[in-house]
Amino acid sequence: MEVLPLKPFEEMTPADYAHIGLKCGLEVHQQLLTRSKLFCRCPAGHYSSSYDAEVLRHMRPTLSEMGEYDGTALMEKKTRKNITYRLHHATVCTYEFDDTPPFFIDDQAIDIALELALLLRLNLVNELHIARKQYLDGSIPTGFQRTTILGVDGWLPFKDRTIRVRQLGLEEDSCREVSDHGHERTYLTDRLGMPLIEVVTEPEMFTPQETAEVCNLIRKVCRSTQKVRRGYGATRQDVNVSVQGGTRVEIKGVPQIWRIPRLIYNEASRQVALLGIMKELNRRNVTPDTITTASKDVTELLMKASYAPVRSAIDRKLKVRCVKLCGFAGLLNTPTQEHTIFAKEFSDRVRVIACLSELPNIVHSDSASESLWPQDWQKLRKRMQAHEDDALILVWGDDRDVQTACEEIVIRATEAASGVPSDTRQPLKDGTNGFERVLPGAERMYPDTDLPPIEIPAERINKARAVMPEFVWETEATFRQGAMVEDDIQRLCISPRVPLIQRAMNELGLSGKLLGVLLAQRMRALARAERRPERFSDEALFVILRAHSQERLAKEGIAWLMELILVQSTKDEITDADVDAVFDELDIQRLTDQELQCKVACAIEAVDPTQFPTVTKLRRFLMGELMKDLIGRVDGRRMLDCLTKTMRTDEPNLAEQRTGT
Amino acid sequence: MNEQAATKTTDGYRGPGLAVLQRHGVGVWSDVEVQTTGGRFRGIILPRSETADDKHIVLKLSSGYNIGVAAETVKSMTEHGRRAANYKIPEQEFPIDAGKPNIVLFGTGGTIASRLDYRSGAVIPAFSPGELYGSVPELADVCNLRTEKLFGVFSENMGPEQYIALANRIGQAIEEGVDGIVIGHGTDTMHHTAAVLTFMVQDPPIPIVMVGSQRSSDRPSSDAALNLICAVKTAAESDIAEVVVCMFGPTSDEYCLIHRGTRVRKMHSSYRSTFRTIGDIPLAMIDPQTITLFRDDYKRRRRDRNVHINPAYCDEVTMLYYYPGMKPDVMEAMIEKGYRGIVIAGTGLGHVNKLTYRALRLAQEKGVHVYMTVQTLWGFAGMYVYETGREMMALGVVPLANMLPEVAFVKLSWVLGQSDDRDEVKRMMLTSIGDEITEREPYNGYLIYQGAVPEVQEFLKKIKR
Ligand SMILES: [Zn+2]
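So the sequence lines, in the order shown, correspond to chains A and B. First residue of the first sequence? That's 496 in the working numbering, and the numbers climb one at a time after it. First residue of the second sequence? That's 5 in the working numbering, and the numbers climb one at a time after it.
In isolation and in its complexed conformation, chain A is listed as follows:
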């Protein structure tokens, strides 16, 4: 059979991805830095894993506005989950668990989202309509997420092309899952209701690497506003992946960008494999219309089976059923992702939809030797009237769940005959993915009747435009021109100091390189030393930088002075006036050549040269002493020149004598 697996991840080239027709899109979720949650007045950004009370809910599918049921909704209905929400007094009110209608949408969140919509050059909507996006997995107690679109059809520059942005939405965050076993699922509600934006790109990235880069770019745009949250979970992305002939599959909630490439690779590999399996099935005359399956209760038959999971199921009075998939023999072990085989597609569905979450939850005839005795498989084949080219899958558990499981196995097998089903898939730590749910469609949208539309007048947009930062790629270009090193550029282009750096470059003529060292590296060092350098206002730092540009303050003196001020000041904000005062107090002035020479001569006189084994050591000592005394007023190079020259003229003999020994 002709399933051609992809090359190993590390060996894949853009041409290889082009060959399989890889297309990726992104949905980047970013929490906003607001005081309150989006639809209630609970504090934003307070998390707590402890809880005071619990509430139980069930979800039922409802019709969309256009009169259709959503596939995902119907799937979740089958799972019959008891959903428990944990409530903490400090983080949630009655809104979050849907016992109070929404309050007006948070204004701060709208303003931040507008700023981002402008940065992504979207066509802005004039009136926001709150929609309900159904989520029947229980991740939101209402069963839907309140969400709204602020703009559509924007774009981002990427390398030599543009990536189109389909839309920017503003929505409430969902719960954090605590556990999911069998029919019981538990959520923490603290994160629920946090404002976040969703940026959706068109599927215009063609390699895994490129997708990660675009994701990073979107994240930088968000951070450049200084009005988004950071930290684990504050940014999450869904990655949409398809290959030629495949289907859009969504990998949901990838927490870190570096995970994206391998996840995409594995999904591409999975789709290629599933297409291969489809071709082979079709070749064997198995199509969605002709597929033949059967399922039977085989508990009695396996009463004496030795295979531990089946054994224990029978001991616990559970049921065992067998599904026959005609024409599937030999396919279930086909690799789909790295160290993952086709059979996992069935196991995943059984786990998620039939809630048989104890693994292994299936065994199949393609790996017969690892499970039941051969004579048991023989008996099963006979009972199921299975031919050689039929595959058998065994599943065990509660009667009703096992029936659901068998139905799901048949559904998944039928999908296999037509290629790649459209799933939402869960990213796994090893870079592979697993089934999470059926991919929802536009049918899950419903207008929210609890809130009226919100007009966004032109003045409000203008206000957002007035405060929005420069485009991050333009900032990067300016910094690069100023010879800033790339690491510092990446750190500083999204920092709140961008306007300061621009001003220092333009007005003071300082190099990007120096500013990078000071504002990225030195500031980080100061922060690590717990000096809280963020207390400096831009104006304060500007005064220091200006002193340097006017040669009042030597290069070495900048960091020294910054630290000195931070150590001395207990204020939460250090202003330009504070810095001026320090300049006055320390009388920091550039040393004239004469003064310098005088200082150097005095220093040389004060030491006993015989205490030093070499001239180099003597010079290093003198240098240290002088810099300690004169730091800020003279830069190192000038000092060294002067010292070397003076030592040479004043003490030629000593110098020679010492070098000689």
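No lab work stands behind these hints, which were simulated from the structure alone. Computed from a predicted structure; not experimentally measured. Mixed in with the good hints there might be a few duds.
To be verified - In silico DSBU-like cross-links for lysine-lysine, where the CA-CA straight-line distance does not exceed 30 Å:
no., chain 1, residue 1, chain 2, residue 2
1, B, K466, A, K576
2, B, K59, A, K958
3, A, K1112, A, K1050
4, A, K576, B, K465
5, A, K576, B, K468
6, A, K924, A, K502
7, A, K791, A, K747
8, B, K79, A, K958
9, A, K1112, A, K1140
Unchecked claim - Pulled from the structure, derived: some chain B residues nowhere near chain A, Cβ distances all over 10 Å:
no., residue
10, N172
11, G175
12, T281
13, L434
14, L464
All C-beta atoms, glycine included, are put in the ideal place defined by N, C-alpha and C.
Guided by the hints, dock chain B with the ligand onto chain A, whose structure is given.
Only chain B with the ligand this time, still in chain A's reference frame:
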């Protein structure tokens, strides 16, 4: 394409919005590409809510989101076809099983099952047995269901006319031989209707169960399904032949409580567990599997078809919620306007200030019936305790024990519909028909626990309430 395509509807659009649609020859359900001064948008034009402004056009994008585009920014609109929404709950024939009880569901306009009304932006009920079966198939496990829409009013618009029609229709349905009656009702005034039906429909042989939902059934976590399943089960299987309310017990999706119609009250504006029995314990709790009775003193289901329907009502009754500093002219105005009965919700044990005595004297002179209930909701009116109370009774005010203010209001309306004789009215008011006055208040009839108290927190942590 359908017949609608010929005429371009413009539902809800007015003023500048309507003008733009007409100028570009498009209408509601047109799939349009809109060029505006703020860029390009593509979507289906949706009807506009009548309460929204007239300056925006609503588009449904292909992603399913709706957006509003300002009419004044529109440069052009090009139609690419039409796609009308076809909102319909999948209607499936409700299965008939001769072995199951026959239940009739009367609709009054609440949102048991519902769909969206674009014009008002609100939800409107979906109601046929087929629709209900399509969304709550569990109902067929319990009964054969027939539905009948009596009115289409929101709960707050229920009034005497509807009470009387409902009582009469219940009488007929009992005669027709149904095994139980369920009444879908908006929750806001459900307890008023439950009380009035207790008085108007006396000694029914079957359960009469009122039900509603605090979250409309267009929401996945709606309480409607469980409420409806439990209400129908109560009507079909329980032997409680009284007017009761069946609604969520805790806010958790676990079970419902069956409350006596005269002792139940909506106690929270939005919680699912809003209905509570006040000053007593409920009749039973119920989940889709079991009915657990809490008491034995209820009227039992009978095989006969006898019922006493007494749909009397006088709409010249009013209520007065006393507040400190109240001046007598408020009540005097009521009396002068011709009101025949006044129910006062007094402070504490049932008090009003001395200023009000002037009005009470006027009431006495004019033969207006004045009754006293308590704002505290829990507890009895105790007008013998303080001098104020005794003075007021001397002025003709009759304390109504532990009758809830709203119940007192509908009962006085019902009684004055039958008699204006002071003693007869008083006799009827004080004769309990359905526990609107009880002899004793059990120790667990008053439970309002306070959060943060350690033992309450411990309870909350353990119990999904
Ligand atoms: Zn809240």
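Right, here's what the structure says about each hint:
Distance check on the hinted pair: K466/B and K576/A sit about 20 Å apart at the alpha-carbon level, within 30 Å; holds. For the hint linking K59/B to K958/A, the alpha-carbon distance of about 22 Å falls within 30 Å, and the restraint holds. A distance of roughly 24 Å separates the Cα atoms of K1112/A and K1050/A; the hinted pair therefore holds under the 30 Å criterion. Among the hinted pairs, K576/A with K465/B is consistent with the structure: their alpha-carbon atoms are about 21 Å apart, no more than 30 Å.
Between K576/A and K468/B the alpha-carbon distance is near 16 Å, which keeps this suggested pair within the 30 Å criterion. Restraint check: the Cα-Cα separation between K924/A and K502/A comes to about 21 Å, which is no more than 30 Å; the hinted pair holds. A hinted pair counts as satisfied when its Cα atoms are at most 30 Å apart, and K791/A with K747/A does not qualify at roughly 35 Å. Between the alpha carbons of K79/B and K958/A the distance comes to roughly 25 Å, so the proposed pair stays at or under 30 Å and holds.
Annotation: proposed proximity of K1112/A to K1140/A holds, straight-line Cα distance about 16 Å (limit 30 Å). Separation of N172/B from chain A is adequate, the least Cβ-Cβ distance of about 34 Å exceeding the 10 Å criterion. Against chain A, the non-interface label of G175/B holds: every CB pair exceeds 10 Å, the least being about 35 Å. Listed as a non-interface residue, T281/B keeps its Cβ farther than 10 Å from every Cβ of chain A; the least gap is roughly 20 Å.
No beta-carbon of chain A is positioned within 10 Å of the beta-carbon of L434/B; the least distance is around 38 Å. With a least CB separation of 4 Å from chain A, L464/B falls inside the 10 Å interface cut-off, contrary to its annotation.
Consistency note: the structure conflicts with the earlier hints numbered 7 and 14.
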